[in-house]
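Chemist: Chain by chain, the residues run as shown.
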Amino acid sequence: MASRVIMPKLTDSMEEGVVVKWRKAEGERVESGDVLAEIETDKAVMDLEAFASGTLLKILVPEGTTVPSGTLIGVIGESEEDIKDILRGSPPPIPPPSEVEGKGGGAAPSAEALASPRVRTLAREHGIDLKTVKGTGPGGRIVERDLEPFLLKKEQSTVREIPLTQMRKAIVRMTTQSKAPVPHFYVTIDADMAEGLRMVEESKKAATPFPLSINHLLIAASARALKQHPGLNASFAGETIRIFSSIDIGIAVALEDGLIVPVLRDCGSKTLEQIVEAERSLVARARQRDLTPEEYTGATFLISNLGKFDVESFSAVILPPAAAALAVGSVREVPVVRDGKVEVGHRMTLTLSCDHRVIDGAVAAQFLQTFKQALVRARDL
Amino acid sequence: MPTKVTYREALNQALKEEMQRDDRVFLIGEDVAYYQGAFKVSKGFLEEFGSRRVVDTPITELGFTGLAIGAAMGGLRPVVEVMTFNFAILAMDQIVNNAAKIRYMSGGQLSVPIVIRGPGSAAHQLGAQHSQSLEAWFCHVPGLKVVAPATPHDAKGLIKSAIRDENPVIFIEAQLLYPMQGEIGDGDYTIPLGIAEVKRAGTDVTLIAYSKMLLVALEAAEKLAQEGIQAEVVDPRTLRPLDLTTLAASAKKTGKVVIVEEGWPFAGLGAQIAESLYRRVFDYLDGPIVRVTGRDAPMPYARNLEDAAIPDVDQVVAAARQVLYRR
Amino acid sequence: MLLIRRFEERTAEMYALGKIGGFCHLYIGEEAVAVGAVDALQPDDYVFSAYRDHGHCLARGSDPKRVMAELFGRATGLCKGKGGSMHLVDAARRFLGGYAIVGGHLPLAAGVAFAVKYRGGGQVVLCFFGEGAVPSGACHETLNLAALWGLPVLFLCENNRYGMGTPVERAVALYSDVAQNAAAYGIEAGRVDGMDVVAVRDAVGKAVEQVRTRQRPYFLEAVTYRFLGHSMADPAHGHYRTKAEVDEAKKRDPLLLLRTRMLSERLATEDDFKRIEQEVAQVVREAVEFADASPVPPVTALEDGVYI
Ligand SMILES: Cc1ncc(C[n+]2csc(CCOP(=O)(O)OP(=O)(O)O)c2C)c(N)n1
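Chains as they are written, first to last, in the numbering used here: chain C, 5 to 385; chain X, 529 to 855; chain U, 386 to 693.
None of these hints come from the bench; they were simulated from the model.
Careful: at least some of the hints might be erroneous.
[What the hints assert, rightly or not] Derived DEER-like restraints, expressed as beta-carbon distance ranges:
(1) Ile723(X) / Arg149(C): 48 to 56 Å
(2) Gln657(X) / Arg172(C): 41 to 49 Å
(3) Pro769(X) / Glu152(C): 47 to 55 Å
(4) Tyr829(X) / Asp429(U): 51 to 59 Å
(5) Glu298(C) / Glu671(U): 48 to 56 Å
(6) Arg172(C) / Gln754(X): 27 to 35 Å
(7) Val681(U) / Pro234(C): 41 to 49 Å
(8) Leu155(C) / Ala795(X): 34 to 42 Å
(9) Ala258(C) / Ala836(X): 31 to 39 Å
(10) Pro816(X) / Gly131(C): 21 to 29 Å
(11) Ala795(X) / Val583(U): 33 to 41 Å
C-beta atoms are modelled at their ideal positions from N, C-alpha and C, and glycine is treated no differently.
I would like the entire structure built from these sequences, with the hints used as guidance.
Modeler: Written out as structure tokens, the structure reads:
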């Protein structure tokens, strides 16, 4: 299904934006998350990411042009797809917020057509001329079902709707608050986990009360690297960049119906043993939903590990106030060449999402170098 | 582990826990102590709390409601049980002119943290004076909060919030709900006042219903599902202040709204809910909101007439079809 | 007493000037009841009144400035301009309010007494009301409950002979001894000359003491008279009573009685009265000036305070 590329409304005050540069050309393949264009808002130039994968079928607004927020500026779809409908109905700009949710005041598309308010709204959004629609409601009123053939083919409703839990609402809020205004960029490396794995095995055999896990090593290595690169233990604060003295690492914990990010405070001054103990109890309580809000807010750095789901690599959404999030994949056995011989090596792919307002690429790369070294020499942690 | 209890037990637990928690909380009303409540909500209270805190009154609704309002002004947290809300009419002056207004009239110097609770709405064949839904009367009055829970879980969580609230709260139960079973949360949980809940998610039509009518709406939704219509059932739970955000979101999504209420149609609460929704989401409605209400007559005694006077599942199903333009 | 008298005379003037609106019921002629009764209370006792409440509020020690500002409907009023003449409240002085539904505040007074008893406190609640409230259901329900539960409340019935235009004998079956209405509930009852401030103080003092120690309600009838109309909208006399009757009553003006007595017993001199008169005039003048200079409440605050 074709997807619209819209001039976003990235801030409350943003009314319009400039397409500074298209980073993809018409006909070019795009993946969800790819940077499509550079957009200048009232505050800054930002990357506009694609929300869908496919081919950039059409560019509607040339570079250097200013258009109101909400304007259709391009279409992504499958190469042969018919996008006439989309092109016909450029949606209206986003209305200013008001007590009344709706598009009050808009003139009826056709003077004669008797149509429900919902139909008028839909017709405006989809560019449908109501004169061409036959009404089947009382007195010939055009009602929603009469529009169905005109609307973009909706997905057949095998969908099951689940009301949002409070946790889901919080996740929606946190992630969208992050993803839209925070210009993310991503840096990926592989790390050698041989030493780390050995330590985890030993700890398991020793049957200690608090066995060591890969996550503990990641936390300790992050703390080590953040100490050396405090520029990542930071937050964008509008007019300033805030550097935190305490390294408070949030660990994403999956729950049945969502996720929670308990925060391990002051990792910079903790030994590995202390990290192990603190993490175990925090995560256990997180699983029982027994955390106070202070315990799951305000992380200055984030770690999300999907390794146990056999995920090779992925990228994470940054949750402010943190400016960086580390996405961790599984440990893979790979052939490595050592001393001219091929051996089995253990590699893990790490992707760091960074807030470009705070962190630049080179800094992120240096951080990852330190981090990687720390893991290679895990015993020193 | 969630446990199953009746609506009556849920209230009993909640009131008991609140009285254990706070010595200022006491229960006052007709036959609440030795008789253990006309509907046995206060079973075991006299034994546990004694007659200082479980106070039987003579049959003087005006007198004891007013007295309890005074006790609230004097620093206590009374829970007044009206044997049924039909009799609360005798205390209407105290509720409207005193409880609701004292805080405002005194420029905020005084407050009245009181809960007035008991069963409202119709039961079976009780006749005109014992079967009526008067929530609209109370909802009309600024200064009052009005709550009408439909499930044991909501009853427990909401009565606790009502008792802890600083404002006068009218808490309307229903005789026919008392024996209904349902799962409730663990221990000392509260449900904030003024928050609606989507009791069943759906995409095609919104059914808004509270108290006993929620059960009717849920049953109607089941029936509609058999026809391939996915009804979303929303329970406001608190009638004042009304959670318009949740109601409007559902109305906006489906574009079709049915409001089910047991009270009389003229100037009933559904009219208010409809007006509020028209103001918020007019442009998303696919047709007029339809109300399913009680009939415009005193409640008749004869079984068949009574059945006809109270909204039932078929009426709700028919109303849903109507807003969907199906016949 | 003099303060209340002069304050209300100025109130009438301000009403005529349009500075004060709505219903406004003056207490002129009845001052001895409020002053004598409140004088017999402890500071932590509670007081309730009906809508003719300026006198009770001032007798309880409320700041005349803030009372006048409330009458003016100003933000500096006791109730921020939201109460008005009939709904004065001064919680700090435990004056819990003026109430304008006849009889409606009696249950409240009993309720505060209930709270006092519940918590084992030693306070007494003094509840003023007119004889017009006596036949109401609210009154009888409250008397019954107070007697039943032994609540520390003193019901002080200000019998000024008329409820608006209806004389007591056409409203209360047991009119010749109004307190008999309470006696029916086993409540101890008494009667006092409400024009004699000293007698009121003595009677209320005794009654309050009894209420406090015995934890039983008491009903006291104070026989008094209102010199002016029922409210500002009324002439002093009309169809329901004659000028001669009013003039006759004024011979027992409580201020006059006290003054005569104090002079004859040499408790005060003419000069003392002159000085007090000047002091009071000053206080009342300042109250009016304060009220007049005060801002009206902001319209943005209209819906504030409906809920916490
Ligand atoms: C329940 C009620 N009914 C009627 C009125 C109108 N009303 C106001 S004052 C009054 C007379 C009350 O007389 P009384 O209680 O003796 O007090 P007084 O005015 O003599 O001080 C009436 C009938 C009212 N305020 N409340």
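Chemist: Hint by hint, say whether it matches the structure.
Modeler: How the hints compare with the structure:
no.	hint	result
1	Ile723(X) / Arg149(C): 48 to 56 Å	violated, 33 Å
2	Gln657(X) / Arg172(C): 41 to 49 Å	holds, 48 Å
3	Pro769(X) / Glu152(C): 47 to 55 Å	violated, 37 Å
4	Tyr829(X) / Asp429(U): 51 to 59 Å	holds, 55 Å
5	Glu298(C) / Glu671(U): 48 to 56 Å	holds, 53 Å
6	Arg172(C) / Gln754(X): 27 to 35 Å	holds, 29 Å
7	Val681(U) / Pro234(C): 41 to 49 Å	violated, 57 Å
8	Leu155(C) / Ala795(X): 34 to 42 Å	holds, 39 Å
9	Ala258(C) / Ala836(X): 31 to 39 Å	violated, 53 Å
10	Pro816(X) / Gly131(C): 21 to 29 Å	holds, 27 Å
11	Ala795(X) / Val583(U): 33 to 41 Å	violated, 57 Å
When held up to the earlier numbered hints, the structure conflicts with 1, 3, 7, 9, 11 and fits the remainder.
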